[in-house]
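**Student:** Given next are the chains, with one letter for each unit.
There are 4 protein chains.
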Amino acid sequence: MEKGLKIAVIGGGSSYTPELVEGFINRHHELPVRELWLVDIPEGEEKLNIVGELARRMVIKAGIDMTIYLTLDRRQALAGADFVTTQFRVGLLAARQKDEAIPLKYGVIGQETNGPGGLFKALRTIPVILEITKDIEELCPEAWLVNFTNPAGMITEAVLRHSNIKKVVGLCNVPIGMKMDLAEVLGVEADRLEIQFAGLNHMVYGLDVFLDGISIKEKALAAASDPGKQMSMKNIAALGWEPDFIKGIGVLPCPYHRYYYKTDEMLAEELEAFETTGTRADVVKGVETELFDLYKNVELQTKPEQLEKRGGAYYSEAACSLINSIYNNKQDVQPVNTKNCGAIAGIPYDSAVEVNCIITKEGPKPITVGELPVAVRGLVQQIKSFERTAVEAAVSGDYYNALTAMAINPLVPSDTIAKYLLDDMLEAHKDYLPAFFHSEKA
Amino acid sequence: MEKGLKIAVIGGGSSYTPELVEGFINRHHELPVRELWLVDIPEGEEKLNIVGELARRMVIKAGIDMTIYLTLDRRQALAGADFVTTQFRVGLLAARQKDEAIPLKYGVIGQETNGPGGLFKALRTIPVILEITKDIEELCPEAWLVNFTNPAGMITEAVLRHSNIKKVVGLCNVPIGMKMDLAEVLGVEADRLEIQFAGLNHMVYGLDVFLDGISIKEKALAAASDPGKQMSMKNIAALGWEPDFIKGIGVLPCPYHRYYYKTDEMLAEELEAFETTGTRADVVKGVETELFDLYKNVELQTKPEQLEKRGGAYYSEAACSLINSIYNNKQDVQPVNTKNCGAIAGIPYDSAVEVNCIITKEGPKPITVGELPVAVRGLVQQIKSFERTAVEAAVSGDYYNALTAMAINPLVPSDTIAKYLLDDMLEAHKDYLPAFFHSEKA
Amino acid sequence: MEKGLKIAVIGGGSSYTPELVEGFINRHHELPVRELWLVDIPEGEEKLNIVGELARRMVIKAGIDMTIYLTLDRRQALAGADFVTTQFRVGLLAARQKDEAIPLKYGVIGQETNGPGGLFKALRTIPVILEITKDIEELCPEAWLVNFTNPAGMITEAVLRHSNIKKVVGLCNVPIGMKMDLAEVLGVEADRLEIQFAGLNHMVYGLDVFLDGISIKEKALAAASDPGKQMSMKNIAALGWEPDFIKGIGVLPCPYHRYYYKTDEMLAEELEAFETTGTRADVVKGVETELFDLYKNVELQTKPEQLEKRGGAYYSEAACSLINSIYNNKQDVQPVNTKNCGAIAGIPYDSAVEVNCIITKEGPKPITVGELPVAVRGLVQQIKSFERTAVEAAVSGDYYNALTAMAINPLVPSDTIAKYLLDDMLEAHKDYLPAFFHSEKA
Amino acid sequence: MEKGLKIAVIGGGSSYTPELVEGFINRHHELPVRELWLVDIPEGEEKLNIVGELARRMVIKAGIDMTIYLTLDRRQALAGADFVTTQFRVGLLAARQKDEAIPLKYGVIGQETNGPGGLFKALRTIPVILEITKDIEELCPEAWLVNFTNPAGMITEAVLRHSNIKKVVGLCNVPIGMKMDLAEVLGVEADRLEIQFAGLNHMVYGLDVFLDGISIKEKALAAASDPGKQMSMKNIAALGWEPDFIKGIGVLPCPYHRYYYKTDEMLAEELEAFETTGTRADVVKGVETELFDLYKNVELQTKPEQLEKRGGAYYSEAACSLINSIYNNKQDVQPVNTKNCGAIAGIPYDSAVEVNCIITKEGPKPITVGELPVAVRGLVQQIKSFERTAVEAAVSGDYYNALTAMAINPLVPSDTIAKYLLDDMLEAHKDYLPAFFHSEKA
Ligand SMILES: [Mn+2]
Ligand SMILES: [Mn+2]
Ligand SMILES: [Mn+2]
Ligand SMILES: [Mn+2]
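Chains as they are written, first to last, in full-length UniProt numbering: chain A, 1 to 442; chain B, 1 to 442; chain C, 1 to 442; chain D, 1 to 442.
None of these hints come from the bench; they were simulated from the model. From a predicted model like this one, the values you see are computed outputs, not experimental measurements. We put the CB at the ideal spot given by N, CA and C, even for glycine. Mixed in with the good hints, there may be bad ones.
[As the list claims (entries may be wrong)] If you anchor each label on the Cβ, the simulated ranges turn out as follows:
{"hint": "1", "chain 1": "D", "residue 1": "Glu142", "chain 2": "B", "residue 2": "Arg161", "range": "52 to 62 Å"}
{"hint": "2", "chain 1": "A", "residue 1": "Glu131", "chain 2": "D", "residue 2": "Gly213", "range": "26 to 36 Å"}
{"hint": "3", "chain 1": "B", "residue 1": "Ala345", "chain 2": "A", "residue 2": "Lys134", "range": "57 to 67 Å"}
{"hint": "4", "chain 1": "C", "residue 1": "Arg34", "chain 2": "D", "residue 2": "Asp350", "range": "51 to 61 Å"}
{"hint": "5", "chain 1": "B", "residue 1": "Asp424", "chain 2": "D", "residue 2": "Asp350", "range": "38 to 48 Å"}
{"hint": "6", "chain 1": "A", "residue 1": "Asp350", "chain 2": "C", "residue 2": "Glu371", "range": "16 to 26 Å"}
{"hint": "7", "chain 1": "D", "residue 1": "Glu142", "chain 2": "A", "residue 2": "Lys105", "range": "32 to 42 Å"}
{"hint": "8", "chain 1": "A", "residue 1": "Ile214", "chain 2": "D", "residue 2": "Lys61", "range": "27 to 37 Å"}
{"hint": "9", "chain 1": "A", "residue 1": "Asp350", "chain 2": "D", "residue 2": "Gly213", "range": "18 to 28 Å"}
{"hint": "10", "chain 1": "B", "residue 1": "Ala345", "chain 2": "C", "residue 2": "Leu271", "range": "40 to 50 Å"}
{"hint": "11", "chain 1": "A", "residue 1": "Glu218", "chain 2": "D", "residue 2": "Thr277", "range": "13 to 23 Å"}
{"hint": "12", "chain 1": "C", "residue 1": "Leu271", "chain 2": "B", "residue 2": "Glu138", "range": "34 to 44 Å"}
{"hint": "13", "chain 1": "B", "residue 1": "Ser215", "chain 2": "A", "residue 2": "Ile214", "range": "53 to 63 Å"}
[Stated by the list, open to error] Chain B residues, not near chain C, derived (Cβ > 12 Å throughout):
{"hint": "14", "residue": "Arg89"}
{"hint": "15", "residue": "Gly213"}
{"hint": "16", "residue": "Asp244"}
{"hint": "17", "residue": "Asn297"}
Generate coordinates for the entire structure from the input sequences, incorporating the hints supplied.
**Tutor:** Take a look at the structure:
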């Protein structure tokens, strides 16, 4: 056991990497990461080197036994790895910019995870992740794949249904963010608070909220819909919830639920933001430039605080906690994306769900939820239908599947708009959608 | 067996009644209806008399042994009945007018069955139908309740979950209309055609289409989305389906699906219609006035052709066929609303579904459907969540339930609009919502 | 359509064949069988010729346009067939004799369908039926496979799970026999009676019984447990049911249920019969010899009455009715073995069940049953576990699977006896179990 | 929180009580039990006083702040309790003696939990436990009911389905015993070992076995079926498992499984034991007499070692651990009987299952199991059918239900024997079965 761990980070040139490195450093006493391989593609080589050098400085500063490897050779990084994390972006931020901007032309929210933008991110990303799972099967069959690449729910669904890999977990910082924000709003220490999470990625609800183990749901719902205390994420406008609605559904929504329960207001917000600051992708581009300028500074030996603006707060916390709990069989409770197996009634047995699990050496085991409240179940089921259709489209490259996914997405208001939007986006992302452009139609 | 049947028609003053009478006359050789009791409320007495007199003339003309009774005493009509049909409208057309007009103020489609209008129709109607089921329990416990009152799906759900009545069927003319229209578009005799119906009321799909028993699904889908041949109903604009979308979902939608898959276009259409001809309720009012003028004519001894404009085509066909098949244990296949019991996977076991059944003397038995196609399942599940929440609200009179139902309806674009709309409609329908106005809030 | 049908009968030399031929002759006006191919293996050639000649005489006598082909070449028979029926016996009656006799040595009922005997019949037969399905896929992919070979439930399960054939139906004469016997006991015409069948092959219950469409369940249960009127089959001792038990379970058991609900008495019966007349296989051998002597008689031009003693009464009725209803899209109700798809709650979605179906041109569609009564559900589920384990063993040739199937069978009283019995039977059937004797163990 | 806990022990005169007291003493630093109320019925007063005095001496010796109350007034004990434990025996050991001896007359194993004996224990006990739940509802509605009374599975099922109490847990020492025994056989420390338990009470399997979090299932199965190392319980003969069978089912059986998988051998064993030492009840009677003699000794201030012979080893461990983890929201993993909610697929959602749970302040939450292995699923489902039928019989007092439960029990070999046995046992237990002797039949 004491041989030390090898971890491969696909998309290692990401601006998030320093947070991950910090997480491994902080846990080094119980999580003996000896080799950290940062892999990227040629287009990302410059960033990889910048972030890799920072990582090395951080390790030196920490004075621990961990070696940082930088490489463009994915297979070398994977060989013999114990954990593989994925945090890459097919088509880079330019693609995200299109995912967000093109739908707005049609009066539709892009929503880069469960909306039309997310559909295209899935279409671009799923073929790549399935290639990676084949490499894992061959080069490190015992490794756990820990995926943060969005749309994390659909990617987990794709890996569960279309790969031979069993050891996969999808991760998101939304649940931990909800907990941290709620703790702040309630004025309590976060570690006294627990939330019973259940749903899908970016479509997760807090079914109950506990302080020191005792349900404080009503108080939490009141706080969450208090006009003066709206919680959200860096990348989602903190539009206020209608308190009576939150009382009615009786569960805590996640920030992304605003797209579905406040569609009109969110669209208005995004259109205005687009006019003024551009898409979220544009904003992120600026933040990234700023971050990499910081990272280049050879004096910098720790994760800079500005990284939090990036929207990925608590990312290290989620990822490193998970890896640590698997490695050490901690059996603590964490919300992750994993195979349902009946944990949430009404969602297919074989589908990915986001749900509280106990984390064991053999991976996450969902804690049984049973039936979701009637009022929220339908939306979760509808998004799962969308996700599954999108995954089928990504795997098949079938135009009609893709159109169906687009048209049934609740953010898309008609079959005709779906078709215009699909055709426009297919053309825009042509270079990253080989499966679609070898097929007949379109 | 030859004692003859007693049938009670709640809402007997409806303009539809002559079609029902015609249906019983046509089947009299095998369905011995001896007593037909038309019941209505005092506000409907004039119409009841007009339509009742016409019914009597029709029976005399037909020369059969059937007596028409007109009464305002529901209990007398129910006592010892074999079948009870319900086709009443709480609040009359004036209420429907509000169901359709108020949402348009907020840029929302009213949709008097599964939309905000349907929610309020359910809130007004469910308490009344549950009173009727109590009377049935007491006065004619062996009777079948055949409900056509909309929203038929939610009313069947309410009776299944909140009454002691087991013998209930919900009926709709949408499936038979789809079959007739498709036969016409395909140019074949309707009785050679069968459609495998499954879903919910006004949310039913044709999963497959058979001509002489052989699947012609692809041809049928092409015909259904042929821009030159759009099928619809009298009360739903025949906006054309996107052919590639229909090919993608691979099933035949019903006319009402346009509200969900063509929301923007349908809203535009309704807004324009509202400006020009008023709501559908306004149109129906005109048609009804015209119909009752015809009915008054003592020369009239048959159902007038103009009744078809009313939107209730094939209504007699559906209702009388069902009663006939139950009475005669015909074991033929008819699409009705009944308890799921696992026939459609992914919909609760105890919920109402609209599905092909074989019709036996012991009622409808659903033919097993299994899983709905992934792409359409989610919407059906979402509408079922809405329906169940609406039923709970109707039974409880709980403001927060009602708001939840409104906000999760896919036609309602935000929680805030839901609240404004709810409050406005609650006020408008106050007189017919006693449960809500005895409760604390609102 | 009027090209006429080609039917291939695998195991055409069976003594049952004349009944099948008679069935096709009787339905010739609506079921235009033009070619009837009787196929058998070389060991069965003599019987094939005898029965084939009788079939030809029957056809000539009937004066219809149907040609009988006799062949040892299965592929020739299958090429272009519209229906394939299977009624073969791997290892012939000698194998059945062992299936029944060896378990008795260990104080265990052999039960050639769901017991240890049935396990070995499955192990011998499933590899052969899967070969046949591969031929069907290649040579007549549109054909329906109608299987009567026992154990019909496990064989249908194997085809559903391990072949590419979708068009398969398993058939049994137990349900029709129950109906005929019950009609006789009740003194009513059989066609006025209907039974709601649900369960598994040879483990099917009548959940309700209708006379002219009206439930007479209590009367039927009383009749079925009347000590003076015990119904059974030719091959199952008509030991009387305990009337209070039948009243308690509230459903009609099938004759085979005696093995599970009267295990001790049936074992005693079988042991005694074994001492006196030998196994049922021995009896059948005698009957068969007698039958083939009759068949040889060139004067014989019709099915001889003695065939009924064979235990296959109403076999023609079940098989030809099914084929006729498929061909003519009759949509009548017949109990067959087909994929569950949720029709019976608590049984896997993909498993074979025996259940009332409407029979369409696209095959049988199960009528939804919902939950089986609690008291009978468990046994059905246990036998399904046994069946699935047995199918896995047959496909894998895995010794441990086979032992597991043997030990969990409710007729086998211990793991140790299971092992002795398994080893003994494996040795006895060695020649017909190639999969097991190429594997390592055993 | 620091008010201290009140615990009511129904059946406090049990010989097990000292172990429970010891458990509370050992955990007193984190589980502040201030009042321990031992309740019993008048027939048990003498034992109550003996064991109560011992408990007081133990507390004094431990020097902690806990008061022991002895009472025959259940309502006083319940008032304001935080936890209620139940460990009573309706009819005392004399009834158990009959449960075990009468079936042997018919050649049937009595099996006082899931067999015919267990059926009668359920019939006697369930009406009493339902009375207790009504008291709890009234007197301590926030209390947790922790039931050890056998048959714990059926009692939990009855409370879940027929009471208004939600806070109920069924407890058994079988899982912890399996773990301790396996640790010993494997020669490892028990706390390094975890077993994934799933099934029903006394019908629980170890689906997997982990050492330091890593699966060692194959090794564990080999050890469990090693002829030299057979594990069992004090009250179950340690007959050896067939190693190939254990390999075949691929899961760890519990000691009680011998009744179902080694029925013949266990029956032989019990018959022989009956001839020599009497039933297990007779043995226990002797042990109890001996124990109470020890308890009377005023010098005794700790739990005597002889208590372990009683068959209740680790009972304190299971009970006190559970209460402690609930009180302190420990979120550790413990196997208990609780509502399924989908944790084990194929078992009804609302039924009790025995399964690993995380134990929170809001009670146990099952860790999702998914599908049980096919080979063991059927027996679990069959026993659940038996349990549910038995519960219905206990609640209704219906003779036919009781007969059905008896006849479908897998240890009972025929409907006729079931009837004789039922009638005999009903008569023998007449005094404790008021529901049956007010009904008409029997
Ligand atoms: Mn995320
Ligand atoms: Mn309708
Ligand atoms: Mn059969
Ligand atoms: Mn126990």
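**Student:** Now, for every hint given, state plainly whether the structure supports it.
**Tutor:** Taking the hints in turn, this is what the structure says about them:
The supplied range of 52 to 62 Å is broken by D:Glu142 and B:Arg161, whose beta-carbon atoms lie about 30 Å from each other. Distance hint check for A:Glu131 and D:Gly213: the Cβ-Cβ separation is about 31 Å, which falls inside the suggested range of 26 to 36 Å. The supplied range of 57 to 67 Å is broken by B:Ala345 and A:Lys134, whose beta-carbon atoms lie about 32 Å from each other. C:Arg34 and D:Asp350 have their C-beta atoms about 56 Å apart, which keeps the hinted 51 to 61 Å range intact.
Against the hinted window of 38 to 48 Å, the Cβ-Cβ separation of B:Asp424 and D:Asp350 comes to about 41 Å, which satisfies the hint. At about 24 Å, the CB distance of A:Asp350 to C:Glu371 agrees with the hint of 16 to 26 Å. For the pair D:Glu142 and A:Lys105, the beta carbons lie near 58 Å from each other, so the given range of 32 to 42 Å is not met. Checked against the hint of 27 to 37 Å, the C-beta distance between A:Ile214 and D:Lys61 comes to roughly 35 Å, which is consistent with it.
Checked against the given bound of 18 to 28 Å, the beta carbons of A:Asp350 and D:Gly213, roughly 25 Å apart, stay inside it. Distance hint check for B:Ala345 and C:Leu271: the Cβ-Cβ separation is about 46 Å, which falls inside the suggested range of 40 to 50 Å. Hint check: A:Glu218 to D:Thr277, Cβ distance near 60 Å, so the stated range 13 to 23 Å is violated. Taking the beta carbon of each, C:Leu271 and B:Glu138 are about 60 Å apart, not inside 34 to 44 Å as hinted.
B:Ser215 and A:Ile214 have their C-beta atoms about 58 Å apart, which keeps the hinted 53 to 63 Å range intact. Non-interface status of B:Arg89 relative to chain C is upheld: no Cβ of that chain comes within 12 Å, the nearest being about 32 Å off. A beta-carbon of chain C is positioned within 12 Å of the beta-carbon of B:Gly213; the least distance is around 3 Å. For B:Asp244, the non-interface assignment is confirmed: its Cβ lies about 26 Å from the closest Cβ of chain C, beyond the 12 Å cut-off.
Look at B:Asn297: its CB is around 42 Å from the nearest CB on chain C, clear of 12 Å, so calling it non-interface holds up.
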